[in-house]
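Participant: Given the sequences, and given the hints that come with them, work out the whole structure.
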Amino acid sequence: MTRKQLLFATCLALLAMLFATVVGARPLGMDTSPNEVKAAEPLIIKFAYTDPGGENNSMDPLNQPSGENHVMVNMSYNRLADLTSNFEVVPELAERWESNEDATEWTFYLRKGVKFHDGHELTSEDVVYTFKRVLDPKRAGDDTVAGSEGASQLAFLNYDGIIAADRYVVKFKLDAPAAELPLMISIKNTWIVPAGAKGADLKTSGNGTGPFIPVDFKPVDSPHRFVKFKDYWEEGLPLADEIHLYPLVEAATRAQAIKSGEMDFVQIIDFANIAELENDPNVTLLKSGPSTSMLGIMWVDTPPFDDNRIRQVFKMIYSKREVVDVCWLGYGVIGDDNPINPQMPYAWRPEEEVPIGPDYETARKLLAEAGYGPDNPLKVEFYVSEQFPGFTCFAQLLQQGAKEVGIDFQIITSPVQEYWDNVWLKVPFMMSAHVQRPPFSGLSISHACNSLYPETHWCKPEYDELLLKASRTLDPDERLALYRKAMRWITEEGGDIFEGKFFTVAAARSNCTGYVPDVQISRFDVRRVTCKR
Amino acid sequence: MIVVKVLFSRVLWALVTLFAVSFIIFTAIEILPGDIAARVLGRYATEEMKAEFRRMRGLDRPMLVRYGEWLSGVVQGDFGDSLVSEFNVGEVVLPKLRNTFLLALYAFILYIPFSIILGSLSAVFREGSVDTFLSTLTLIGLSIPEFVMGTLLAFIFGVVLMAFPVVVAINMARSFGEALHMMALPAVTLAIAMAVYAIRMLRDNLIEVLESDYVRMAILKGVPMYQVVLRHALPNALVPALNVTALNLAYLIGGVVVVEKVFAFPGIGTLLIDSVFLRDAPVVEACALIVSAVYIVANLFADVMTILLNPRLRTAK
Numbered sequence: 001m002t003r004k005q006l007l008f009a010t011c012l013a014l015l016a017m018l019f020a021t022v023v024g025a026r027p028l029g030m031d032t033s034p035n036e037v038k039a040a041e042p043l044i045i046k047f048a049y050t051d052p053g054g055e056n057n058s059m060d061p062l063n064q065p066s067g068e069n070h071v072m073v074n075m076s077y078n079r080l081a082d083l084t085s086n087f088e089v090v091p092e093l094a095e096r097w098e099s100n101e102d103a104t105e106w107t108f109y110l111r112k113g114v115k116f117h118d119g120h121e122l123t124s125e126d127v128v129y130t131f132k133r134v135l136d137p138k139r140a141g142d143d144t145v146a147g148s149e150g151a152s153q154l155a156f157l158n159y160d161g162i163i164a165a166d167r168y169v170v171k172f173k174l175d176a177p178a179a180e181l182p183l184m185i186s187i188k189n190t191w192i193v194p195a196g197a198k199g200a201d202l203k204t205s206g207n208g209t210g211p212f213i214p215v216d217f218k219p220v221d222s223p224h225r226f227v228k229f230k231d232y233w234e235e236g237l238p239l240a241d242e243i244h245l246y247p248l249v250e251a252a253t254r255a256q257a258i259k260s261g262e263m264d265f266v267q268i269i270d271f272a273n274i275a276e277l278e279n280d281p282n283v284t285l286l287k288s289g290p291s292t293s294m295l296g297i298m299w300v301d302t303p304p305f306d307d308n309r310i311r312q313v314f315k316m317i318y319s320k321r322e323v324v325d326v327c328w329l330g331y332g333v334i335g336d337d338n339p340i341n342p343q344m345p346y347a348w349r350p351e352e353e354v355p356i357g358p359d360y361e362t363a364r365k366l367l368a369e370a371g372y373g374p375d376n377p378l379k380v381e382f383y384v385s386e387q388f389p390g391f392t393c394f395a396q397l398l399q400q401g402a403k404e405v406g407i408d409f410q411i412i413t414s415p416v417q418e419y420w421d422n423v424w425l426k427v428p429f430m431m432s433a434h435v436q437r438p439p440f441s442g443l444s445i446s447h448a449c450n451s452l453y454p455e456t457h458w459c460k461p462e463y464d465e466l467l468l469k470a471s472r473t474l475d476p477d478e479r480l481a482l483y484r485k486a487m488r489w490i491t492e493e494g495g496d497i498f499e500g501k502f503f504t505v506a507a508a509r510s511n512c513t514g515y516v517p518d519v520q521i522s523r524f525d526v527r528r529v530t531c532k533r
Numbered sequence: 534m535i536v537v538k539v540l541f542s543r544v545l546w547a548l549v550t551l552f553a554v555s556f557i558i559f560t561a562i563e564i565l566p567g568d569i570a571a572r573v574l575g576r577y578a579t580e581e582m583k584a585e586f587r588r589m590r591g592l593d594r595p596m597l598v599r600y601g602e603w604l605s606g607v608v609q610g611d612f613g614d615s616l617v618s619e620f621n622v623g624e625v626v627l628p629k630l631r632n633t634f635l636l637a638l639y640a641f642i643l644y645i646p647f648s649i650i651l652g653s654l655s656a657v658f659r660e661g662s663v664d665t666f667l668s669t670l671t672l673i674g675l676s677i678p679e680f681v682m683g684t685l686l687a688f689i690f691g692v693v694l695m696a697f698p699v700v701v702a703i704n705m706a707r708s709f710g711e712a713l714h715m716m717a718l719p720a721v722t723l724a725i726a727m728a729v730y731a732i733r734m735l736r737d738n739l740i741e742v743l744e745s746d747y748v749r750m751a752i753l754k755g756v757p758m759y760q761v762v763l764r765h766a767l768p769n770a771l772v773p774a775l776n777v778t779a780l781n782l783a784y785l786i787g788g789v790v791v792v793e794k795v796f797a798f799p800g801i802g803t804l805l806i807d808s809v810f811l812r813d814a815p816v817v818e819a820c821a822l823i824v825s826a827v828y829i830v831a832n833l834f835a836d837v838m839t840i841l842l843n844p845r846l847r848t849a850k
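Quick mapping for you: the protein sequence lines, in order, are chains A and B. Here the working numbering is used: position 303 in the first sequence is 303, and no number is missing along the way. Convert by adding 533 to the 1-based position in the second sequence; the result is the number in the working numbering.
Please keep in mind that the hints were generated in silico from the structure rather than gathered at the bench. A virtual CB, placed ideally from N, CA and C, is assigned to each residue, including glycine. Check before you lean on any hint, since a few could be wrong.
[Claimed, not checked] EDC-like, lysine to aspartate or glutamate: derived pairs with alpha carbons at most 16 Å apart:
no., chain 1, residue 1, chain 2, residue 2
1, A, K230, A, E121
2, B, K794, A, E250
3, A, K403, A, E381
4, A, K228, A, D216
5, A, K228, A, E492
6, B, K538, B, D836
7, A, K171, A, E125
8, A, K198, B, E619
9, A, K469, A, D241
10, A, K532, A, E242
11, A, K426, B, E585
12, B, K583, A, D143
13, A, K198, A, D118
14, A, K218, B, E585
15, B, K794, A, D221
16, B, K583, B, E602
17, A, K138, B, E581
18, A, K403, A, E361
19, A, K171, A, E95
20, A, K532, A, E41
21, A, K218, B, D614
22, A, K460, A, D301
23, A, K203, B, E619
24, A, K426, B, D568
25, A, K171, A, E105
26, A, K218, B, E619
27, B, K583, A, D525
28, A, K403, A, D421
29, A, K230, A, D241
30, A, K460, A, E492
31, A, K138, B, E585
[As the list claims (entries may be wrong)] Take a look, some chain A residues computed to stay more than 10 Å from chain B by CB distance:
no., residue
32, E41
33, V128
34, D475
Facilitator: Here it is, written out as structure tokens:
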């Protein structure tokens, strides 16, 4: 072979390979247009979201490691009741419910004629199985292992007390009163699955009663495709024929994709990209209420944080307003050093009464009282990672304030993916975040003695008793007073710093409507999403 | 035949290398802090759940036992199941590999004429304004990271001109043409990233050859300049550039992660990164071995091509 022939052959081979790969690849996924009749062009909505779970994704409601997962589970399933952004409970699969006088027995009446994707009708058996599976998968007959917080959040339920009283009636018989049961059971794991369904099947089938059915589900698809469930129980819904979910990790890509019109909706727009999109006539920005919190946490049983004076120092050496304005570019609200932000109607004090800070003078005084001074400075190490926007910025504001009052404040930055795994709950002084929760779960999720996530090592039997009493108090005002006492207690003595909440900003093309970002990032409603083409 | 001899010893070494790579990766995943149970079950898993998960996946056994099992599977052509999704590794990796391969090939085909033409122009008009202009351009190209280049191209051609998509939904492409159109931006980004090195390399080599006696002879004989370059100079200048190309090839398969992220391209780079974070050893192993193999084969290919392109080496003993 001469040199010339050789070069020529190489070029030919390259071109042939390119062609062969594309053509040969077609059966692998290309040109699988929806199998509907080509009568009318199906309305396909392209939705971009962030936070991909990768290989970890599953359509099993019991296993939801990522935001991507929440989104998909929300599309294919329903719960007994739904929650509004203000945590009001509204009927979903249950038409109505009632309790006995002391709230120890709750009865839920199911909607009739609701179909699962596989065609069978929803009955009380499905509901009973779902709750039993969340409480104890093994005992319910499913040997799946799932990382759900459901079992601990539903620990107040009695496994044997969940009863199918009639084909469409479910009873929850409890050992102790639960005044807010409908709210308490509407968590991210209690999406109703068919009786007897196993995690191994659910994770790819997504067989629920929800508005959309996953098409050939694979954990790392891009996009994930969902088609309309024709027998969906809500008349006239969903509006779209198909929803395609695209995981777009890069914030800049998400902004460009909505600007160029390739995506119809983007679930989360980074604060930094808001300015360029605000002036774009083709894009509408959608803002949620206060959603995810940002907080510093201190172990209240570990020096130096076992001294409440020191804890209070860290709560007053920065400006709460500055955190919102600088770290979140104004897209958030201040917190009151406890899980319930002061803008909530049920917070213990209104926003106007929250001290904004900084108060260096009091901080210096408290430090001196605790025995620290110029010759004996307090030294701390603060762990942070840019989990959510503003984390590092907040740490730096704390550091500036610490310098002002003579504290040696070291910031230790950890990689995002390792944070929850290797740092969280393992060091006494670090940053954390929580989704928005109503008082009963917000105040107990990491502050109760038996908490799975003892972030601040806050364990006071009297505090637990207070929450228990509240959960059993039927009178709403009395109950609220008890919750407020708990909030105030954490503000004044707890190991929580700031706990302000930022807004989730989503974007839609201006010809698209029907999406409202929820305060809970795990809530994703696309039933009314539609676009004019 | 020297080619056969080279091939034989190199393939043998390649196998040893791949074996070593697989062991190092297995150990590395083991040593990395954090474990797969915590990753899969998430922030809210209890210790019991994690223990149960490890038991079910057989992760409670010693590392060497697991490595041995995995290796014996690989020898038989079975890369095992993903520890995370329990899908077969082949099922997980192949669609992504196909996508990345497609993108790499596309970029490579753009890269060859791009670097040869610009490199030749630079060399022929050396020290002139064309050369200065191209040199400045390649220098700028060298100093811009791929993700900036990608974002820049996406902004210009995707957002402002709206000529090409910024999200490469390759799985949704309905035809060959549509696939090529979709992948244009990432492919061009990669081609530029590779070409800037090759252009400079080729320019220097070509200048050297153009100043040699036989080229001067050809010019004095009255051969047209384009023929001098194409027939006499270029083939000899290509040989050293081949090694750069081999390295570029390896970069294409393994190093496209950043570009994949910018364009949300479902390829093997993204899969590799995600799997490392999930500590999913079988998937990481499969991806890493593919990348290593490509690297080895690309270098081997370059060596063989060098021998074939250089008549003096072909007849060596």
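Participant: Do the alpha carbons of K403 (chain A) and D421 (chain A) lie within 16 Å of each other, as the hint requires?
Facilitator: It is violated: about 30 Å lies between the C-alpha atoms, which goes past 16 Å.
Participant: Holds or violated: K403 (chain A) with E381 (chain A), Cα cutoff 16 Å?
Facilitator: holds, 13 Å
Participant: Closest CB-CB distance from V128 (chain A) to chain B, is it above 10 Å?
Facilitator: Check passes; 23 Å lies beyond 10 Å.
Participant: Does K532 (chain A) pair with E41 (chain A) here, judged by a C-alpha cut-off of 16 Å?
Facilitator: Answer holds: K532 (chain A) to E41 (chain A) is near 12 Å, not above 16 Å.
Participant: Going straight from one Cα to the other, do K218 (chain A) and E585 (chain B) come out at no more than 16 Å?
Facilitator: violated, 24 Å
Participant: Is K426 (chain A) close enough to E585 (chain B), meaning Cα to Cα at most 16 Å?
Facilitator: violated, 22 Å
Participant: With a cut-off of 16 Å on the C-alpha distance, tell me whether K583 (chain B) and D143 (chain A) pass.
Facilitator: holds, 14 Å
Participant: With a cut-off of 16 Å on the C-alpha distance, tell me whether K230 (chain A) and D241 (chain A) pass.
Facilitator: Holds, because 9 Å separates the two Cα atoms, which is no more than 16 Å.
Participant: Quick one, are K198 (chain A) and E619 (chain B) close enough, alpha carbons at most 16 Å?
Facilitator: holds, 15 Å
Participant: Is the Cα-Cα distance between K171 (chain A) and E105 (chain A) 16 Å or less?
Facilitator: holds, 7 Å
Participant: So if I understand the rule, the pair passes when the alpha-carbon distance is 16 Å or less; does K460 (chain A) with D301 (chain A) pass?
Facilitator: Given pair K460 (chain A), D301 (chain A) holds - Cα atoms ~11 Å apart, limit 16 Å.
Participant: Please work out if K203 (chain A) and E619 (chain B) have their alpha carbons no farther apart than 16 Å.
Facilitator: holds, 11 Å
Against the hints set out earlier in the document, violations occur for numbers 5, 9, 11, 14, 16, 27 and 28.
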